[in-house]
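Full structure from sequences and hints, please.
2 protein chains.
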Amino acid sequence: MTTQQLVTQIKKKKSFLCIGLDVDLDKIPQHLLQEEDPIFAFNKAIIDATHHLCIAYKPNTAFYEAYGIKGWKALEKTINYLNEKHPEIFTIADAKRGDIGNTSTMYAKAFFEDLAFDSVTVAPYMGKDSVEPFLAFENKHTIMLALTSNQGAFDFQTLSVNNQELYKQVLETSKTWNNAQNLMYVVGATKAEYLADIRKIIPESFLLVPGVGAQGGNLQDVCKYGMTDTVGLLINSSRGIIYASKENNFAEAAAKKASELQQQMEAILSA
Amino acid sequence: MTTQQLVTQIKKKKSFLCIGLDVDLDKIPQHLLQEEDPIFAFNKAIIDATHHLCIAYKPNTAFYEAYGIKGWKALEKTINYLNEKHPEIFTIADAKRGDIGNTSTMYAKAFFEDLAFDSVTVAPYMGKDSVEPFLAFENKHTIMLALTSNQGAFDFQTLSVNNQELYKQVLETSKTWNNAQNLMYVVGATKAEYLADIRKIIPESFLLVPGVGAQGGNLQDVCKYGMTDTVGLLINSSRGIIYASKENNFAEAAAKKASELQQQMEAILSA
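Read top to bottom, the protein sequences are chains A and B.
When you line the first sequence up against this note's numbering, it's residues -12 to 258, in that order.
When you line the second sequence up against this note's numbering, it's residues -12 to 258, in that order.
These are calculated hints, taken from the structure and not from any lab test.
Among these hints, one or two may not hold up.
Just so you know, same-sequence chains aren't split out, so a pair can sit in one copy or run between any two.
[Stated by the list, open to error] List of simulated lysine-lysine pairs, DSSO-like, C-alpha gap at most 27 Å: (1) K14 x K96; (2) K187 x K243; (3) K96 x K233; (4) K243 x K(-1); (5) K14 x K64; (6) K187 x K1; (7) K96 x K57; (8) K72 x K57; (9) K60 x K233.
The structure is reproduced here in structure tokens:
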């Protein structure tokens, strides 16, 4: 998917909501456990109920790997369902991968070719030759960790290097890499006040913003400091939407929560 | 597996060799492609031929994920085969994972419980709460990236923070985390001269050292600067061993290469 196609979808749906499909079998409605594939059954119901309200879905691979082969099968079914039924929706494999050159190429093939996601999240610690193999794929997007939403972000990401925080150095350096136009970045909503400075370094890039809702980030603040002419934001909510109810009405409840966020986004876009 | 059990095995086999099981279907003997599971068939032959020469095996998960479900099945069969036939051998899931707290717990379950590896590699960028969930597992080991063997290591890992390189700060900080005794670290053999400084910070910890062989690292230099009283080194070789031959004799050829390294190690240990 091209960035222009993503922007078109945002304008059409008046939404820049991404829904995180982080399926924990202990948290889903227990009647689904009788299904042949409870994880996929849950995802399908959530997707069917919310696809008109969001522009992206983001399964976090950890939740699938934790269930072994059946988890990977559920991930494969989920991405296939999305690509068949809703090819206009942007898909993110939240995998936070990164390895040396030839090995990163294998990860890129896993997520861009075998599973056919539009994008994958990667970690920056190993530098240029760990990220460029992902950037080489045309019309695929590589979403690099910059400033994450957790407390541990302050352990290393905000340390001062070359008179600026490490995450700013990561942003600066990444702009020099081959095919840097295929980069997006993860910036946590819990650190919205940092977004003004971040936009000085990457004025146009799309940001994937986790942490609105359950983690306490504020949508208005994120938009105030982070929004661009083409929106430039993918606001993720996972638990706040998919676990809105543990009863039979879980999908409706998820749609209600997604709709609330979409309406806030529509108001911001038309302001 | 406890660290003491690992040390006992090193002394018994007079080896601290780790063999990387990075299976690329384009590089294995082509007659294996007729097998039902070519990846596992290759790994089984390599393990059968080399298990007396090494003390650890390290599948890099990227190579398995690239083949989707069948890749994950091959990974599962490989770890099960190792745990059944050679329970004394240390197993490393080279996955370089890392995510926020509850999500890292899912990754830890995937590799320590579902797949029953002894250890997993993790990335440090997201800080304490992304690594501690792995450290909570008793008699399991978390191998954190410190100074990697690739060129991109110089992009961020060696930048100066608090008057020392970032990777040293990562080492220092990680020592304060809960259950830090379960930490090991990745330090590339291509940067052996850094090992003397690293040992000042972590005098006892085991280091996983990739980059000997194909990437140009030197075994003698690594041992000179990095070895401890209990050895403290796991020297990994992947391509140099497993792709020693593409013919029918590939397993014998791999054993020959592994034996050469084991003999060098035995000489160093008895010096």
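Tested hints:
Proximity of K14 and K96 under a CA criterion of 27 Å is satisfied inter-copy only: 17 Å between copies versus 31 Å inside one chain copy. For the identical chains of this complex, K187 and K243 are neighbours neither inside a copy (36 Å) nor across copies (56 Å), given an alpha-carbon limit of 27 Å. Within a single copy, K96 and K233 get their C-alpha atoms only as close as 36 Å, which misses the 27 Å cut-off; across copies the closest is 24 Å, which meets it. For a Cα distance limit of 27 Å, the shortest separation of K243 from K(-1) inside one copy, 20 Å, qualifies, whereas the shortest one across copies, 63 Å, does not.
For the identical chains of this complex, K14 and K64 are intra-copy neighbours only, at 20 Å inside a copy versus 30 Å across copies, given an alpha-carbon limit of 27 Å. Taking the shortest Cα distances, K187 and K1 sit within 27 Å of each other inside one copy (26 Å), while across copies they are farther apart (56 Å). In this assembly of identical chains, K96 and K57 lie within 27 Å of each other by CA distance both inside one copy and across copies; the values are 21 Å within and 14 Å between. When the C-alpha separation of K72 and K57 is checked against a cutoff of 27 Å, the pair qualifies both within a copy, at 22 Å, and between copies, at 25 Å.
Taking the shortest Cα distances, K60 and K233 sit within 27 Å of each other inside one copy (24 Å), while across copies they are farther apart (32 Å).
Going through the hint list in order, the structure does not satisfy hint 2, though it satisfies all others.
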